[in-house]
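Line order of the protein sequences matches chains A and B. Under numbering that gives the first Met the number 0, the final residue of the first sequence carries the number 244; numbering is consecutive throughout. Under numbering that gives the first Met the number 0, the final residue of the second sequence carries the number 244; numbering is consecutive throughout.
Hints are computed from structural coordinates only; laboratory data are not their basis. All C-beta atoms, glycine included, are put in the ideal place defined by N, C-alpha and C. There may be inaccurate statements among the hints.
Examples of chain B residues lying across from chain A (beta carbon under 7 Å, computed) [to be verified]:
1) Ser78
2) His81
3) Gly89
4) Ala90
5) Pro91
6) Arg93
7) Pro109
8) Leu111
9) Cys165
Just a sample of chain A residues kept apart from chain B, beta carbon distances all over 12 Å, derived [to be verified]:
10) Leu18
11) Leu55
12) Ala58
13) Pro61
14) Ala129
15) Glu179
16) Arg221
Computed footprint of chain A on chain B; a stretch qualifies when at least three of its residues, placed anywhere within it, have a C-beta under 8 Å from a C-beta of chain A [stated by the list, open to error]:
17) 15–29
18) 174–187
19) 220–234
There are 2 protein chains.
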Amino acid sequence: MTPAYASLVEARDHELLRLAVDMVILTVRDERLHTLVIERGNPPFRGVAALPGGFLRAAEDPLEAARRELREETGLDASALHLEQLPVFGAPDRDPRGRIVSVPYLAIAPDLPVPTAGSDARHAHWAAVADLARAMLAFDHNDILDAGVERARARLEHTTVAVAFCVEPFTMGQLRMVYEAVWGEPVDPRNFSRKVINTAGFVVPTGQRRVGDAGRPAVLYRRGPATRLHPPMLRADLGQMVGQP
Amino acid sequence: MTPAYASLVEARDHELLRLAVDMVILTVRDERLHTLVIERGNPPFRGVAALPGGFLRAAEDPLEAARRELREETGLDASALHLEQLPVFGAPDRDPRGRIVSVPYLAIAPDLPVPTAGSDARHAHWAAVADLARAMLAFDHNDILDAGVERARARLEHTTVAVAFCVEPFTMGQLRMVYEAVWGEPVDPRNFSRKVINTAGFVVPTGQRRVGDAGRPAVLYRRGPATRLHPPMLRADLGQMVGQP
DNA sequence: CAAATAGTGTCTATCAGACACTATCGA
DNA sequence: TCGATAGTGTCTGATAGACACTATTTG
């Protein structure tokens, strides 16, 4: 800290605290939405499942910290996949260790072989989001997970991030299955295919076809350069909708 | 802090820091988008314009802090208006006083008479967003402002927050003018009116009409209960759009 | 051939965008 | 009566949603 401002900073009715970076790492496995959870090896919440995360280090940007955590927990290079900050969680009593504000990040990853064990021997594994009932996770991590899942659902409507869930090359059916897994509702194959094909740059055909499967061989695609989906692909789910009668 | 965890917390390769809450308070004045800025009374950036804000206090949630700042800077009751968190800004060198991470909030307010002077005699005033060129604001506040404005633009597409800019009762023309001021592009009056009227709960007619103005008297509306806009009202702006040819 | 999966075509209701006309005030 | 502002009607092209059919593989 620059000494010139030391007095300003000392005059505090404000508070020193720590920032945690917690990761909502989503993937689709077996046609279901999964998130990476670790089993806590230390108190508080020892033995309880929690989102992976860690403290912000000195001279580290929160985004850098998120990239580091992602690398440590999954071995994934963050530059390759979707990484996005969610609103912070900062209730004063959210962590019994003291004042810790969480900066959560949403990461969207293709199906991974198996996560590497956490650095401090915490057991990391994929858990189906639908199986994680309320209050199963440590701290307020269920709320953070909810925020991450809802953000992912909304992102699928307006962007092409769904391809970030897919291992290249992928079929149209696999891409559609991502939407179904994340949204939790069926999607019409014909209309979906038309929408994706008509959106320039969403996917790029490889010219190859999938072999070995039963049925007609599916065309294989790679991710295209497009990012935004315009007009959006809206889910039928009404949720909070107040609009047309 | 609970003594039981003191040792855990002491084992730090992580860092103690302060959280600032900075406010992007937007309103529409004279058909132009404005934001509230203060003139800094203390170093660093003494005399330079900055977004209003302050440090998070002990046992205070970031949202509570934002509500408090809003009240202090504008005298507005935050429960009445749109308040929404933006992604944090946490570059290690963003504040010369030391490690300070900013949690920015976007507030959307109706046109206010004039802001109350800031608590420490800082001069607060409305500035047209279009007049705030790059690097005019202290710290990284231009980036924060950009994030807030872009968020507001997107929110107008998908929600009914535009009414939060209006002083009740308001006319259809005033509501449309909000869209034009925030988006910075003209909106067709006929199509706009049809869209708003057909969206149940966007606005509620009062039965009154505006008097004293030249021209045909305009019907006066109040805010309706609807929140989401479905389907959205998309701006023509292509921006990042990669989609239809 | 049957089962399974992939892909295409068509119809319709809705909606966004463009645009011209009518309505109601003050001066 | 004129200027100014408010509000309504209509046409068209695009598209989302619903749905039936054809195509190509394996067993």
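Hints and how they fare:
no. : hint    : verdict
1   : Ser78   : violated (18 Å)
2   : His81   : violated (14 Å)
3   : Gly89   : holds (4 Å)
4   : Ala90   : holds (6 Å)
5   : Pro91   : holds (4 Å)
6   : Arg93   : violated (9 Å)
7   : Pro109  : violated (22 Å)
8   : Leu111  : violated (26 Å)
9   : Cys165  : violated (18 Å)
10  : Leu18   : violated (6 Å)
11  : Leu55   : violated (6 Å)
12  : Ala58   : violated (4 Å)
13  : Pro61   : violated (4 Å)
14  : Ala129  : holds (25 Å)
15  : Glu179  : holds (21 Å)
16  : Arg221  : holds (16 Å)
17  : 15–29   : holds (count 4)
18  : 174–187 : violated (count 0)
19  : 220–234 : holds (count 9)
Checked against the numbered hints above, the structure violates hints 1, 2, 6, 7, 8, 9, 10, 11, 12, 13, 18; every other hint is satisfied.
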